[in-house]
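Colleague: Based on the hints, put chain B in the right spot on chain A.
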Amino acid sequence: MQLTRRTLLAASATLAAPAIVRAQGSTPIRIGEVNSYTAAPAFTLPYRNGLMLAVEQVNAAGGVLGRKIELLIRDDAGKPADAVRLAGELVSDQKVDVLAGGFLSNVGLALSDFALQNKKLFVAGEPLTDALVWEKGHRYGYRLRPSTYMQAAMLVDDAAKLPAKRWATVAPNYEYGTSTVKWFKQLLLAKRPDVTFIADQLPTLGKIDAGATVAALEQAKPEAILNVTFGPDLTNFVRQGNTRGLFENRSVVSVLTGEPEYLDPLGEETPEGWYVTGYPVNAVKDAANLAFIAAYKARFNELPKMGSIVGASLIASIAAGITKSGSTDSEAMADGFAGASFATPFGQATWRAQDHQSTLGTYVGRTALKNGHGEMVDWRYVDGAAALPSDAMVKTLRPA
Amino acid sequence: MIASLIQLLTGMAEASSLFLVAAGLTVIFGVTRVVNFAHGSLFMLGAYIGWSILSRMPRDPEYFALGVILAGLATAAIGAALEMTLLRRIYRAPELLQLLATFGVVLMVQDATLHLWGPEDLTLPRGRWLRSAVVILGERFPLYDLILIALGPIVLAIIWMIFTRTRWGTLVRAATQDRDMVSALGVDQRRLFTSVFAMGSGLAGMAGALALPEASANLQMDLTAITDAFVVVVIGGLGSISGAYLAALLIGILQAVGIIWLPKSTLVLVFVVMAAVLIVRPNGLRGRKLTAARGEADTIASIKPASPSLKLAALATLAIAIAAPFVIGPFALSVLTEMAIAILFAASLHVMMGPGGMASFGHAAWFGIGAYAAALPVKLLTVSMPIALLIAPIAAGMVALAVGALVVRLNGVTLAMLTLAFAQIVWAVAFQWSDVTGGDNGILGVWPPSWAGPQAMYFLALSLCAGGALLLRKMLYAPWGFALRASRDSTQRAEAIGLDTQRLRLTAFTLAGSAAGLAGGLAAFTKGSVFPTTISIGHSVDALVMVLLGGVQTMAGPIIGAIVYTGLFDALLLATDLWRFVLGAAIVAIVLIVPQGIAGLAKR
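Residue numbers (our numbering), protein chains in the order written: chain A, 1 to 400; chain B, 1 to 604.
Simulated from the structure, these hints should not be mistaken for lab results. Positions of the beta carbon are idealized from the N, C-alpha and C atoms, including for glycine. Mixed in with the good hints, there may be bad ones.
To be verified - Simulated coverage check for chain B against chain A, where a stretch passes if three residues somewhere in it have a Cβ under 8 Å from a Cβ of chain A: (1) 121-127; (2) 263-273; (3) 443-451; (4) 575-588.
What the hints assert, rightly or not - With beta-carbon atoms standing in for the labels, derived distance ranges: (5) B:W433 <-> A:Q117: 24 to 30 Å; (6) B:G538 <-> A:N249: 39 to 45 Å; (7) A:E248 <-> B:R89: 53 to 59 Å.
Looking at chain A on its own, in the form it has when it is part of the complex (with noise of 0.2 Å):
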């Protein structure tokens, strides 16, 4: 039983410990950022080094109002219990100024709903749910990435215009999928009321029986499909889907699917000309992206991700956000990242005033095959502004 007492002790004495040695005179600003590390290492690893790039960046131009950023990282597996139990500890332990991560949705709102509970600024990067600016969003709570109404507002341009009237989709079986196929479907028959929707597959998050998903689509006989898989389960999709034939002569609208991370792994198995958001970072040509990737290349030695990009955003949107705020108080942080303007690799972004969320935006494109390796050609950046609702609809979405 000494033991016990013991373990007890030791476990309290490192927890309550101060682990910080706070230097003399300006204190550097703290962002305390939580992600899913373990759970999610496809994402999270590049968008860790994009975080780690641009803090590294911004301290060595002088810091934020003249105080270095220091970035406190912890990872929460995955689960949105133990997101919030860490966002404590980053709260109360090592009083960071500002929250900040999060990948998948449930966390995001959580880790939003905790900020809002302890009046701390948190500024979402990668969760896609709408959520968390409109629904449920709050005075500090902040969105990076666009979201899963932008994301099917930028692909349904491409989408209306092809003749299919017969779609299926396929998406996870959780918020960020079933809530990217309910815009798409609303936003799709708003512009083509001829089209119908006729099967629906909702695979479990990582665990796609693909070879009954694409049966079972294959069967509904559609003339154009919606995916919304990712990760792993893209890969047994589409491959399952290239072996069978269920994308020829039908034409497919992807979400996400051209990000590398997602991409890369398709291989020489990538099909072409799948309409996609994502990142092409072998194409992009323009100064901002350009220095990105051979800064980020000098570091790490390898190109950037989608994650790299998000990291880095983040990272300069929380910059802008304090030096327009002009202090680390929250209240004033809530009311001036509003209408902050800063650079990302792809291009000027905005904190909107009237929901919270930023105008980053992404690449539409199409999938082709190049030397064995997906790409995505005949691309087009769309800003995020081009891709939200009118202010009057925001308003009737978000309450607060």
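Modeller: Quick look at chain B alone, frame taken from chain A:
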């Protein structure tokens, strides 16, 4: 009709994949009785090793076959090493301890794989033959799926031949029935077990490599594979190879057909099938009633009253726990609250597992039901916290009573798996019934009333959890507790003296569920939210790990286990990126040093 034939074939191909993973697990269990949680990790390693080999070879069929066999041999070697360095040392340790040890291995392999192969999903470029399809009644069907369909029965036949037609197989079957007799006849039992473990591991590795043409090697595949494999093994009947094939066929085909009628059914279908099969046939499709293999370890948990020094230590711990909030910071306080709740969660499982003799793989179900039962009335009916905390254990206890009536008729791993099936069904309800439960986004904003700050909540949690654990302990020393242990140790004798053993087990089950429900209700208020992840398999495993880590034989075991595991987890999470590896290594070390659990240290 055409579509349904294609669906049928698709289901059969899926069945073969499932069978190949499960075959190794059932072989290992049948002989060594080891519940090998690391089987999924071996499957994952097979896929990664297979990728490393196959992506460097020509894409012709003969090289593919060679690569798969090499991957199988490599994992067989890893499996043999695992058996010789770890499992061999704990065959005589308490039941299910191997599960704890292999859980540690799972954590270590996850981090090791990430660092060896990197975070990105690895896909094997497919040769032309792997991408080709056969036209069946006008529809294209993958050639590789046809190969898989054939491979299932072929592997089944080979395993059957090995076990029935070779001397080695005969010895293995003999060892399965009576270990002591076999070793008395001069057979080196240790070598036999190592070879069986290598064979099972090799099968897992081959299955991993065989998955490559239709999937990627990725870091999530271990946990997906292990649950599927366990389900197949249990539905088929533990240790029955042909049963595993039948079970895989049943699941594969139901899944392929079910996906058309109810696409969301994939969330929970396998577990519904498992529950249904086990209720009708408790030993699975082709399983026989398991007789304890003679020569197995003495697994009986005896409960002795606490020694004076232990009582003193407990009092001291309690004093520290009461004084702590006045010294420590808010985060440490939240960790202590977490520990208090974990103590009741672990102690409630211990009642079932130790004195009740019923291990559960789905204990998080009751915790989750308690959490939702506390949160929902607060959100929907604005009920006050004390009432919600009263509803939590009652609701969990009532569901446990209903489910328990079906569960307590079973024994051992089968019983544990039936609880897992129910937990998964509860999880699916919480996940899918979004209108009420909020789906995967959970229920947010379940904060306690303003009078209950973090400190007050800590004392509430501490008093209810410590009180609950003490009450459970009290009951185990009451006549009811002795009767429960009697019915565990000798059902026949207990019945002969007039004890209603089923009823005793059912009471223990309900009591455990109810106590876990209270822990869940407290968790809802201290965290301010409830998510389906509270009912996940991972959370059930946490409970098991806490009980086994502390030691199943004593009442202090689960309490110590809960404190150590929660503390270790939180400390490591903050200290290192490699927390999974370190935590896994710590678990393995504890298992090797004190197989009887940390509480066993005190007895030495």
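Colleague: The structure should be examined with respect to each hint, and the outcome stated for every one.
Modeller: Verification of the hints:
no. : hint                          : in the structure
1   : 121-127                       : holds (count 5)
2   : 263-273                       : holds (count 4)
3   : 443-451                       : holds (count 3)
4   : 575-588                       : holds (count 4)
5   : B:W433 <-> A:Q117: 24 to 30 Å : holds (25 Å)
6   : B:G538 <-> A:N249: 39 to 45 Å : holds (43 Å)
7   : A:E248 <-> B:R89: 53 to 59 Å  : holds (57 Å)
Checked against the numbered hints above, the structure breaks none of them.
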